[in-house]
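**Q** Residue numbers (the numbering used here), protein chains in the order written: chain A, 3 to 264; chain B, 3 to 264; chain C, 3 to 264.
Check before you lean on any hint, since a few could be wrong.
No copy labels: a pair is met if it fits in one copy or bridges any two.
[Claimed, not checked] Below 20 angstroms or equal to it, Euclidean Cα-Cα: the simulated DMTMM-like pairs (lysine to aspartate or glutamate) are:
(1) K193 with D262
(2) K141 with D31
(3) K79 with D62
(4) K79 with E214
Bear in mind the hints are in silico, worked out from the structure with no lab data behind them.
Computed from a prediction, not measured in an experiment: that's the story for all the values here.
Each chain, written out:
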Amino acid sequence: MIITFMTDFGTKDGYVGSVKGVLLKEAPDALIVDVTHEIPPFNIPQAAYCLLNYYNSFPDRTVHLVVVDPGVGSERKPLIIQTMNYHFVGPDNGVFDFVLKKEAYRAFEILPELVNPEGYSSTFHGRDIFAPAAALLAKGVKPEEIGAPLDRVIINDKKELACQGNICKIPIVSVDHFGNIIFALSREDLKHWKKSIKLVNFKTFSSQTILEYYAQQEPGKPLALWNSQNMLEIALTQGRAADFFNVNPEKDRAVIELTDVS
Amino acid sequence: MIITFMTDFGTKDGYVGSVKGVLLKEAPDALIVDVTHEIPPFNIPQAAYCLLNYYNSFPDRTVHLVVVDPGVGSERKPLIIQTMNYHFVGPDNGVFDFVLKKEAYRAFEILPELVNPEGYSSTFHGRDIFAPAAALLAKGVKPEEIGAPLDRVIINDKKELACQGNICKIPIVSVDHFGNIIFALSREDLKHWKKSIKLVNFKTFSSQTILEYYAQQEPGKPLALWNSQNMLEIALTQGRAADFFNVNPEKDRAVIELTDVS
Amino acid sequence: MIITFMTDFGTKDGYVGSVKGVLLKEAPDALIVDVTHEIPPFNIPQAAYCLLNYYNSFPDRTVHLVVVDPGVGSERKPLIIQTMNYHFVGPDNGVFDFVLKKEAYRAFEILPELVNPEGYSSTFHGRDIFAPAAALLAKGVKPEEIGAPLDRVIINDKKELACQGNICKIPIVSVDHFGNIIFALSREDLKHWKKSIKLVNFKTFSSQTILEYYAQQEPGKPLALWNSQNMLEIALTQGRAADFFNVNPEKDRAVIELTDVS
């Protein structure tokens with residue numbers, strides 16, 4: 003069984019190593035797949051976007067372990083999310099925002115004494131609660147055997163898109179490794195609304211065309227395109243759009259004008 | 003059989019890849035577990051601290067391969083350390099300091115001609131000596147079959163804590179990825195001495211309380227706590243203590259006042 | 003079967019994770035070995051040098067997947083390179099330069115509709131074309147079943163060494179993680195030419211001796227040596243030669259004087 007593994011720990015301190023040891027002790031036959039340990043510390047929206055990009059490319063029954071957990075030791079609950087095809091394990095702080103939007107799910111609060119009867123630290127739930135829970139799920143234990151059903155989970159997403167008539171302001175979801183700027187608008191949203199894009203404005207950039215790939219624009223010039231997740235992206239061919247536009251991911255918005263699809 | 007793998011190589015040059023190839027050629031059934039390749043170049047104390055954090059979370063018989071090796075090609079010996087549960091492979095330069103303090107062990111000097119009869123480079127013992135040795139151990143070869151017993155190994159630890167009566171100066175072991183400052187004092191030390199902490203001073207910070215988790219302090223304020231390894235740590239809730247205090251890990255010391263446990 | 007994996011994606015966005023999911027869905031028994039995801043974005047020469055360092059340390063029949071692909075979506079072809087012992091999968095842009103120089107090979111252009119009948123994006127061939135091709139090869143599919151034979155592949159290498167009589171100017175292949183400077187000259191080149199080195203000059207450094215390991219020079223002083231790949235390297239014992247010499251990897255050249263081997 004596969005356990006994917008995402009954290010904001012970095013690797014140099016051995017914290018990631020210690021979690022892997024716990025996983026392999028509890029579930030010796032599990033295949034641990036590193037996704038990343040380089041989420042910027044405590045950056046929950048980046049963790050949520052990262053998860054969106056990979057979770058559904060994995061085989062059914064994969065367990066997705068996500069430990070980006072600024073509130074460790076506080077009241078925040080340890081979660082299991084069960085969807086049609088996957089289990090997700092991590093803190094109840096918004097790291098599962100995109101999954102919860104896209105999937106039907108059941109939520110459980112992990113009961114620490116059931117996953118780690120030997121006791122657990124107050125500062126490292128990744129090792130002491132989340133890893134044992136993920137290992138047990140990978141071995142076929144059911145969420146209800148180690149957790150209590152939960153009615154509500156926390157949605158962190160504070161930056162919703164805002165529309166007035168056909169004009170929408172779209173917040174930034176992520177600036178990726180290549181400096182591409184990804185916005186909170188998908189092709190599915192437009193299809194759902196029966197709209198198409200007439201105009202995209204972002205700072206000095208304005209375009210009536212949403213392209214399909216980077217090489218459709220000449221190097222050094224910005225373009226808007228639907229990216230590989232079908233989300234709106236502004237990029238700079240063979241350059242870094244985020245630097246070109248001096249982007250502030252918290253504050254900047256794209257402004258788009260929509261038109262009805264006939 | 004599991005082989006964990008820690009280096010200071012970074013990954014972009016393919017040196018880590020070449021070692022993995024050697025391991026898999028020699029021991030095709032071994033499970034290679036990346037711990038980190040981001041130890042700061044030549045930083046032996048950080049490697050020792052990293053190893054402390056993960057080695058004993060792994061299943062028995064795991065082989066821990068550590069290649070942080072500024073003295074490659076010089077007189078420094080290639081080592082195997084055998085403890086009750088594990089084998090360790092790496093240079094004799096202090097990377098095993100914490101393990102040697104905590105575990106009963108036997109030490110062996112690897113005999114290169116026995117692990118790599120085809121010959122080896124003078125600049126890349128990770129690939130040519132340590133990896134073949136680790137692979138052989140993972141396959142069940144005994145240390146005495148590829149190494150010569152060694153009476154003494156090198157302890158690198160130059161920064162010991164220093165006490166006068168009940169006042170101790172505690173050096174810094176590591177500044178971790180989150181900017182937490184970890185000191186060379188553990189709960190076990192206090193238990194052993196039959197002492198408890200009356201007061202911790204570090205630069206502008208002073209506290210009579212050692213907390214259990216970060217969320218016990220409000221964001222932006224420093225706290226002292228016992229971390230997940232039961233070591234003394236000074237942290238800043240949701241911030242970087244090392245930046246807050248402008249820490250020099252080589253020179254700065256915490257000063258603690260102890261009191262007898264009755 | 004082993005699939006090694008190199009990209010310039012970084013890991014924080016989950017793009018690497020999504021490719022791993024595709025590989026494991028298509029080839030559940032494959033062993034994915036991370037080489038690096040930290041190639042500097044779009045740096046094809048660094049990818050080529052990285053690959054040189056690890057490809058032939060792996061067991062026969064390993065599939066080497068390389069996705070450093072600034073031209074994604076353009077005319078550049080998706081490639082399979084077949085050598086005596088390995089398959090290589092990646093873009094036709096020079097990432098295989100060193101392999102093509104050292105190995106006899108056959109080249110194929112991947113036919114996307116044969117590896118991904120469900121269709122593919124224009125921006126993420128790593129996930130949609132290269133990964134399915136690598137997975138199929140790992141499962142034993144033959145290159146000719148998913149690709150068309152190709153007569154010519156692109157060689158990116160623009161920085162050739164230039165000799166006039168016994169004086170050669172040698173460009174820089176890579177500056178590695180430790181700041182070592184690696185030059186485009188190997189021991190095999192000299193053997194082939196029946197020459198040996200009489201003098202190496204690089205900026206302020208001049209030496210008549212090519213050493214074997216770092217510790218032969220005192221700390222803080224530069225040296226020339228044959229590195230673990232038998233390539234000419236200028237290093238600084240326990241320091242960073244690239245910083246010491248303020249290197250420009252694009253422009254700087256070593257100048258060597260050769261002499262006949264009698």
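**Q** Hint by hint, note whether the structure agrees.
**A** Taking the hints in turn, this is what the structure says about them:
1. For the identical chains of this complex, K193 and D262 are intra-copy neighbours only, at 10 angstroms inside a copy versus 72 angstroms across copies, given an alpha-carbon limit of 20 angstroms.
2. Taking CA atoms no more than 20 angstroms apart as the test, K141 paired with D31 passes in both settings, with 8 angstroms inside one copy and 18 angstroms between copies.
3. Taking the shortest alpha-carbon separations for K79 and D62, neither the intra-copy value of 26 angstroms nor the inter-copy value of 32 angstroms comes in at or below 20 angstroms.
4. Proximity of K79 to E214 under the C-alpha cut-off of 20 angstroms is restricted to the inter-copy arrangement: shortest distance 18 angstroms between copies versus 41 angstroms within a copy.
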